[in-house]
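Trainee: Sequence lines, in order, name chains V and X.
Throughout the first sequence, residue numbering follows full-length UniProt numbering, covering 1 to 390 in sequence.
Throughout the second sequence, residue numbering follows full-length UniProt numbering, covering 1 to 390 in sequence.
I should point out that these hints are in silico values taken from the structure, not numbers from a laboratory.
So the derived label-pair ranges between C-beta atoms look like this: (1) X:Asp219 <-> V:Asp342: 32 to 38 Å; (2) V:Asp226 <-> X:Ala183: 35 to 41 Å; (3) V:Gly204 <-> X:Glu230: 44 to 50 Å; (4) X:Gly113 <-> V:Phe208: 29 to 35 Å; (5) X:His225 <-> V:Ser91: 39 to 45 Å; (6) X:Tyr185 <-> V:Asp370: 43 to 49 Å.
Simulated pairs of lysine-lysine, DSSO-like, Cα-Cα distance not exceeding 30 Å: (7) V:Lys259 <-> V:Lys187; (8) V:Lys55 <-> X:Lys259; (9) X:Lys55 <-> V:Lys234.
We put the CB at the ideal spot given by N, CA and C, even for glycine.
Protein chains: 2
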Amino acid sequence: MITNRTARVLLLPRCRPVRCNRQLYRDFRSSHGVKERQSPPVDGLQANVSGTQLKIVEPTPSSLRPYSSIFHRPKEDHFSENVAKTLCPESFEELLPHIDTFIFDADGVLWLGDEVIPGSPRLIDFLVKNNKRVLMLTNNATKSRALIAEKIARLGYSPELNKDTVVNPAAVIADSLYRAGFAGYKKVYLIGSQGVRDEMDALGLEYFGHGPEPLDPSDERTYVHDVKMEDHTKVGAVVVGYEKHFNVSKLVKAANYLKQPHCLFLATNEDETCPSPDPNLIIPDAGPIVAAVRCASGREPLTIGKPNSPIFDFIRRRWNIDPERTMMIGDRTNTDVKFGRDHGMRTLLVLSGCHQIEDIMENHRNGLLDMVPDFIATCLGALLLPQRKN
Amino acid sequence: MITNRTARVLLLPRCRPVRCNRQLYRDFRSSHGVKERQSPPVDGLQANVSGTQLKIVEPTPSSLRPYSSIFHRPKEDHFSENVAKTLCPESFEELLPHIDTFIFDADGVLWLGDEVIPGSPRLIDFLVKNNKRVLMLTNNATKSRALIAEKIARLGYSPELNKDTVVNPAAVIADSLYRAGFAGYKKVYLIGSQGVRDEMDALGLEYFGHGPEPLDPSDERTYVHDVKMEDHTKVGAVVVGYEKHFNVSKLVKAANYLKQPHCLFLATNEDETCPSPDPNLIIPDAGPIVAAVRCASGREPLTIGKPNSPIFDFIRRRWNIDPERTMMIGDRTNTDVKFGRDHGMRTLLVLSGCHQIEDIMENHRNGLLDMVPDFIATCLGALLLPQRKN
Chain V
1 MITNRTARVL
11 LLPRCRPVRC
21 NRQLYRDFRS
31 SHGVKERQSP
41 PVDGLQANVS
51 GTQLKIVEPT
61 PSSLRPYSSI
71 FHRPKEDHFS
81 ENVAKTLCPE
91 SFEELLPHID
101 TFIFDADGVL
111 WLGDEVIPGS
121 PRLIDFLVKN
131 NKRVLMLTNN
141 ATKSRALIAE
151 KIARLGYSPE
161 LNKDTVVNPA
171 AVIADSLYRA
181 GFAGYKKVYL
191 IGSQGVRDEM
201 DALGLEYFGH
211 GPEPLDPSDE
221 RTYVHDVKME
231 DHTKVGAVVV
241 GYEKHFNVSK
251 LVKAANYLKQ
261 PHCLFLATNE
271 DETCPSPDPN
281 LIIPDAGPIV
291 AAVRCASGRE
301 PLTIGKPNSP
311 IFDFIRRRWN
321 IDPERTMMIG
331 DRTNTDVKFG
341 RDHGMRTLLV
351 LSGCHQIEDI
361 MENHRNGLLD
371 MVPDFIATCL
381 GALLLPQRKN
Chain X
1 MITNRTARVL
11 LLPRCRPVRC
21 NRQLYRDFRS
31 SHGVKERQSP
41 PVDGLQANVS
51 GTQLKIVEPT
61 PSSLRPYSSI
71 FHRPKEDHFS
81 ENVAKTLCPE
91 SFEELLPHID
101 TFIFDADGVL
111 WLGDEVIPGS
121 PRLIDFLVKN
131 NKRVLMLTNN
141 ATKSRALIAE
151 KIARLGYSPE
161 LNKDTVVNPA
171 AVIADSLYRA
181 GFAGYKKVYL
191 IGSQGVRDEM
201 DALGLEYFGH
211 GPEPLDPSDE
221 RTYVHDVKME
231 DHTKVGAVVV
241 GYEKHFNVSK
251 LVKAANYLKQ
261 PHCLFLATNE
271 DETCPSPDPN
281 LIIPDAGPIV
291 AAVRCASGRE
301 PLTIGKPNSP
311 IFDFIRRRWN
321 IDPERTMMIG
331 DRTNTDVKFG
341 RDHGMRTLLV
351 LSGCHQIEDI
361 MENHRNGLLD
371 MVPDFIATCL
381 GALLLPQRKN
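For reference, chain V alone in the conformation it holds in the complex (with noise of 0.2 Å):
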């Protein structure tokens, strides 16, 4: 039951109507998956744990709507803006003298794939023109910092947000293993993509064991036991993110490298799934790759990513920044909102991406407070007045 409350916070009756792709945010929403860790609870499902007692189910109209229509049903919450603030421009405008620092997640901030969100590059016009620093804060350590300058500035955003203003787990991870004197005198066993590759190379650092990795196709030995590994008194660190090429020979030598109490292990973030372009299709990120290799080892990786607080530490040390007077900006309440929250930043949660007003109330139910924004808006394009036609 959608009340008449949240019927009128749903249509943000105080900001005036802005134009936002609903379809793509659908699109979007229902690409992200399912974060619950609980199979759902579909009427007839039976897995019987104590019988063991299996029943097949077969699919309904109900149980084939997507996941995220199941999750993220309406709920019956009486949204309240004691739990966050909504921001329409006349109410941005009063904030904005106590913000000096903004910070944004990409994905379903400033764009949902490669499709720029309608109102937010003239958001950070706006922000730019009137002197306030603006940084890009993005989990995807698949892509070095320089490929998602290309894309944002591709996208028409602002040439403020740059390879300079732009912050991820790949350039926090070189950073902190050059400064830790990796260069030069340690190597590290890489699972990743191009983005940590491309910042190791920039910092001098040596690392091996990325790209496809070879493995007996028969099946006569059943476990990976003919690995070819490095001396492991040279390797000092085992670096975990998303790799394609990610396998069963590679978890071994990862967790054979971590055997040794000396090789640190950082992840570079834990994201279970990422955006697909096939609203239909899941894509593993790297959380799945750092559970598989933290089960292995059984050792906890420093995780670098949001809403950790190495990334934090990063930006902070960069930047100068003052958190009370820095604003965290983004679509998910498990990275950006907690991110923001750990690290005594203010919060806007942007409708625009993954997650919605239900999830805000769902996590203020729960006791979840560091998943709760203070403020929410539809999109970052919501914070300004419409622009008046000539």
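Once you've looked at the hints, dock chain X against the given chain V.
Mentor: Chain X only, in chain V's frame:
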């Protein structure tokens, strides 16, 4: 410090001396890798999370000790007979009339790798002669029961231990799906090895997806998008166990079949590592693969193997055992002992495999009483008086 009391227990003074292959045991234990979730507390290892200031730590003689010796160093605990009773030939004889069924784990109890544990075949013979039921229960789902039975015979065990008295998760999964009506009706997406395949073949179950999976070797596309999925309405279950060909393409497929709420998610077992012929090499088992699929799909599997209930239900149904008159004998507190305790059986931990007295004491200290056995013994042979020499 080994106290007099500890020393007495370790030497099992109430039992007559038993010839145990101690070197074999030591190699075996060190091949089991590490289960702890935290990085080991090695002097000088600095991964300052709040400051992300990593420091290189040179391997020192102490940090180069094999992991097992770091974690399994003798504790200063006084081992108490109140925690677990030591079984010797006399006390075992007293216990015998109260037990009808003995369930044996395999690796570390009956054999170590490819070598029989001296004294174990004789105990099985003794029990068979005394009209006890003997069953073998292993979490190894990579081999079918028929192949496991071949090994049992090759190592000289009583023919009472055979294909029909062996239980493993492969057999239970096939049985469960068969009884659920999958045969000729629903297909199974399988990440698994010969064991699950052969057991499914035997019951006429249809499966697909196993074996080497091609992957575009180029770096042109970062993520794996181009997977060919079967009609999801015909896929009734995803079964995940150890398969050396597991890779990102299989991960994508498993996660996407599991997007359908009607698709069951079964895991053979979740052991992190398995015994390795090379004691210096960690060999991941099914656990890391299940962890990856769990993370990518957001679904919780029904895990069949010890210490979970599905495999117990299978045994109780097939042999109508009385748990109170059944003894579970194994070498691991977290699988064998927990399995026995959770299902109302008596439990015996033999010290000829993975876990030792200090592990029991640690579990006891941490209140993990479901991982503290009723009884301990150095090995199965220690339960019988030595054979008289002619």
